[in-house]
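A.B. asks: Residues per chain, in single letters:
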Amino acid sequence: MSSVSTRLACKPADYKSDLKPIWCPGCGDYHVLMSFTRAFAQLGLAPEKIAVISGIGCSSRIPAYTNCYGFHGVHGRSLALAAGLKVTRPDLTVVVASGDGDGYSIGGNHFLHACRRNIDITYVVMDNRIYGMTKGQPSPTTEPEFDTALTPGGTGVAPFHPLVVALASGANFIARCFSGEPNETADVLAEAIKHPGFSFIEILSPCVTFRPDEKEWKDQVRPAPVAATNDQGKAARRLMTDDGFNLGVLYRGNRAPFQPAVVGAGDTDLSELEKDFEL
Amino acid sequence: MGASPSISIAIVGSGGAGALTTGNSLLEAASAAGWHGLFTRTLGPQIRGGEAAGLLRLAVHPVDCLPDQFDLIVGIDWLNAHRFGGEIKAGPQTLVISDPRGGEPPPMVTQSGARVVEIPIKEMAKSIKDGRPNMIALGIAGRLLGFSIEQVFVPIAKRLADKGPQAVDASRAGIKAGFDAAADIDFDAQLAPPNPSDTRRWLLSGNEATALGAIRGGVRFAAAYPITPATEILEWLSPSLAKIGGILLQAEDELAAINMVIGSSYGGTPALTATSGPGLSLMIEALGLATAAEIPVVVVDVMRGGPSTGIPTKSEQTDLNIAIYGLHGDAPHLVLAPQSVGDCLFTTQWATYLAESLQAPAIVLSDQFMGQSRAAIKGPADVAFIGARTVATNIAATYKRYALASNGVSPMAIPGAPGGQYTADGLTHSETGTPTSGATDHLAQLDKRRDKLDRFNFGDHWASIEGTGDLALITWGSLTGAAREAAGRAAADGFDVRVIAPRLLAPVQPERLAAALEGVKRILVVEQTHSRQFHRYLRAHYDLPAPVRVFNRPGPLPITAGEIHHAITDWR
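These protein sequence lines map, in sequence, to chains A and B.
At position 165 of the first sequence the residue is numbered 165 (our numbering), and the sequence of numbers has no breaks.
At position 36 of the second sequence the residue is numbered 36 (our numbering), and the sequence of numbers has no breaks.
Don't take each hint at face value.
27 Å max Cα-Cα, derived DSSO-like pairs, lysine-lysine [said to hold, decoys possible]:
no., chain 1, residue 1, chain 2, residue 2
1, A, K234, A, K194
2, B, K176, B, K158
3, B, K400, A, K11
4, B, K158, A, K275
5, B, K122, A, K16
6, B, K158, B, K448
7, A, K20, A, K215
8, B, K158, B, K129
9, B, K400, A, K20
10, B, K163, B, K176
11, B, K176, A, K275
12, B, K400, B, K448
13, B, K448, B, K378
14, B, K126, B, K176
15, B, K378, B, K400
16, B, K122, B, K158
17, B, K243, B, K176
18, A, K135, A, K218
19, B, K243, A, K275
20, A, K135, A, K20
21, B, K129, A, K275
Example chain A residues on the side facing chain B (calculated, C-beta under 10 Å, incomplete) [unchecked claim]:
no., residue
22, G70
23, V74
24, A80
25, G84
26, L85
27, T88
28, D91
29, R116
30, V221
31, R222
32, V226
33, L273
The set of hints was computed from the structure by calculation and includes no laboratory data.
Quantities reported herein were computed from a predicted structural model and do not represent experimental measurements.
Note that CB positions come from ideal geometry on N, CA and C, so glycine has one too.
Use the sequences and the hints to build the structure in full.
C.D. replies: Laid out in structure tokens, this is it:
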């Protein structure tokens, strides 16, 4: 955890801003916010040394609800923005927050390359299998038969399997959490932040407004029956065959994170570079 | 003819024949001796097997454009030369060296009245162990231009240093054979000697100059997605940034590249990306974010023929509209355009300085012509424009990231600074950065972002203005060189022309242009577009107080000084 700086005696409340979240009552994202602040407190991070980066969607509103530095950018590009920030500021703890539409659909390509690049950032996707902010359109993780105004009778298209994609693309830490278990989620998030390289956490976070059926998730989730593996082959078989409700850390890799040499100070002698051109 | 202030040479061959090496070596030989020069390669999109020509102009004065026609054309072969169409013009004064076994010279040569001298270039190369036709061509051209064997051999020896003594010897033998073959050819267009008090040269492309300008301006992070004709900027930056503790990150696409530079800059590290029209199109949404969140970034667009994939290897000025108007919403930002290879350095450095000072994105509109031309120029002065971002320090509890300030620029908290925590946002926000949809905050922040650009004093660099005539020639970008040369010819006829070329395209400077147009009776707008984008831009933002004519043409053929001169004399 080279990038984690500590401050003593932090409480979760130290990481909350004064803003009242604009989420529907009962939204899973409230608990995710709680997990964020608990994890930061657990690690004793200085709030000003954390950057929470997001795109667009209900989940992406989270940066402003923390007392950290935040960036609420354009739809789907949070991982790219975070990459530019982290490589130039490796001293910061960079956490990226996204949703299933923002992260897997419009931002899908960046997801692949962030896993592959393995920069030391933590990527949290709050998956509710629906576009909530635009009022209920199917996302890449929506079940094929789920009926919406945009896709009457369902999409007829099989959902995407993010954890398998993450593994195949090179993510160095893969976990699944449930928003309704904020303490367990906070523990996994703290471990993900400490784990070097690109850490990916899928948080099942119900949308009570457009997916009231997801209230049943609390009865479906369970701790993963086997311990996390560092074997990609084993992890692939488990992730391919699980039903999407096994919780906990599922894969811990040991790839070295990507971090070029750190940016230098302002006054640099450029005469060496200019010799390329002088005759 | 005697000594001439400027001489131009075209080296033609099929792709892989080495015509570009010959041209580059002549440029290097000339610049080592103190001449100015400009070298442009022209080639088809394929990497090998197509057509290639090196177009070179050497002079005792700075060279910012190609000639109307060439003094010397050396055809290593003519296999695909017809594809150059009107690009390589010859005339009765032109000397053409042609290999009788290299195919028929194209009509542009045979119908020009040029004198053709045949030399069996390929056969001569074959008679030398490891001999190459382009070295024979180098010897021929070197001799005709009045260089010594040593002068043209030195650059080749440098290029071949790691290929072993055999390659060096073969090249020397080839050059010598070409030298001997050209000994009896009558060619009296000799270049006048360089000014002995000004012989120190820099040799670089516009793309390299752009990259160095960015570093001089303080850029320490670049995000890269390759695209013709901008890639060389990124390829030069990659090792160069590493040498000074900066970082280049290859992005998965242009959407990632622009967001990476926003992330870097948000973290306090000045950042740049470079692209061409298709990439700029992809970056536009995030440029709006940088405008709204007030994050300085620099995007260089090396323009090529458009729309869509267009003509990737040829120049045009057709990204003006998207650069000025492409962002949705009311999004004031900076747009600048360099005017020559050397000016790519200054303008990119200035753009970086302005972006940093004003916490706004800057688009630099370079183009394929100056980006990929290599020039021998006077070493550029080191100007004092180095990133000057107003950063929040000793941050009080009352800190507001987007506080309304009289100059519109509010101190930016950099992550890590205690007490400065805020969320940068593309949503309309209040002074603290909190999202809002209220009319008061929306208007206040729109005003703030407009005012910080409008109230800034951009000084005299906003345009280059030369001459005092009552005919004003208004142009921009790489056409400025050809326009100045046309004005020079008009002056030689006793007719003074004013050349006005804005370097700062946004924000517009109506008072400054009005002053520059004082006393003007006619205005000739010159641009390389099909739809007269620059003319429409001038009409939209400026008062043009005299009758206006427009001389415009799309790419791919460059607009020459001769054509502009003709447009001037047509209207005298």
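A.B. asks: All hints, please: hold or fail.
C.D. replies: Here is what the structure says about each hint:
1. K234(A) <-> K194(A): The hint holds at about 23 Å.
2. K176(B) <-> K158(B): Distance ~17 Å between K176(B) and K158(B) Cα, so the pair holds.
3. K400(B) <-> K11(A): Since the Cα atoms of K400(B) and K11(A) sit roughly 25 Å apart, the hinted pair holds (cutoff 27 Å).
4. K158(B) <-> K275(A): holds, 15 Å
5. K122(B) <-> K16(A): violated, 77 Å
6. K158(B) <-> K448(B): The hint is violated at about 55 Å.
7. K20(A) <-> K215(A): Roughly 23 Å between the alpha carbons, so the hint for K20(A) and K215(A) holds.
8. K158(B) <-> K129(B): Distance of about 20 Å is within 27 Å: holds.
9. K400(B) <-> K20(A): Since the Cα atoms of K400(B) and K20(A) sit roughly 19 Å apart, the hinted pair holds (cutoff 27 Å).
10. K163(B) <-> K176(B): Answer holds: K163(B) to K176(B) is near 19 Å, not above 27 Å.
11. K176(B) <-> K275(A): violated, 31 Å
12. K400(B) <-> K448(B): holds, 14 Å
13. K448(B) <-> K378(B): violated, 41 Å
14. K126(B) <-> K176(B): holds, 14 Å
15. K378(B) <-> K400(B): violated, 47 Å
16. K122(B) <-> K158(B): holds, 24 Å
17. K243(B) <-> K176(B): violated, 40 Å
18. K135(A) <-> K218(A): holds, 23 Å
19. K243(B) <-> K275(A): Holds, at about 13 Å.
20. K135(A) <-> K20(A): Given pair K135(A), K20(A) holds - Cα atoms ~21 Å apart, limit 27 Å.
21. K129(B) <-> K275(A): It is violated: about 35 Å lies between the C-alpha atoms, which goes past 27 Å.
22. G70: Nearest chain B Cβ about 3 Å off; hint holds.
23. V74: Status holds, d = 5 Å.
24. A80: The hint holds - A80(A) has a Cβ within 10 Å of chain B, the shortest such distance being about 4 Å.
25. G84: The hint holds - G84(A) has a Cβ within 10 Å of chain B, the shortest such distance being about 3 Å.
26. L85: holds, 4 Å
27. T88: OK, holds: T88(A) within 10 Å of chain B, min 4 Å.
28. D91: holds, 7 Å
29. R116: Constraint on R116(A) satisfied, holds at 9 Å.
30. V221: Cβ of V221(A) sits 31 Å from chain B, so the hint is violated.
31. R222: violated, 36 Å
32. V226: Hint on V226(A): violated, closest Cβ of chain B at ~34 Å, above 10 Å.
33. L273: holds, 5 Å
Against the hints set out earlier in the document, violations occur for numbers 5, 6, 11, 13, 15, 17, 21, 30, 31, 32.
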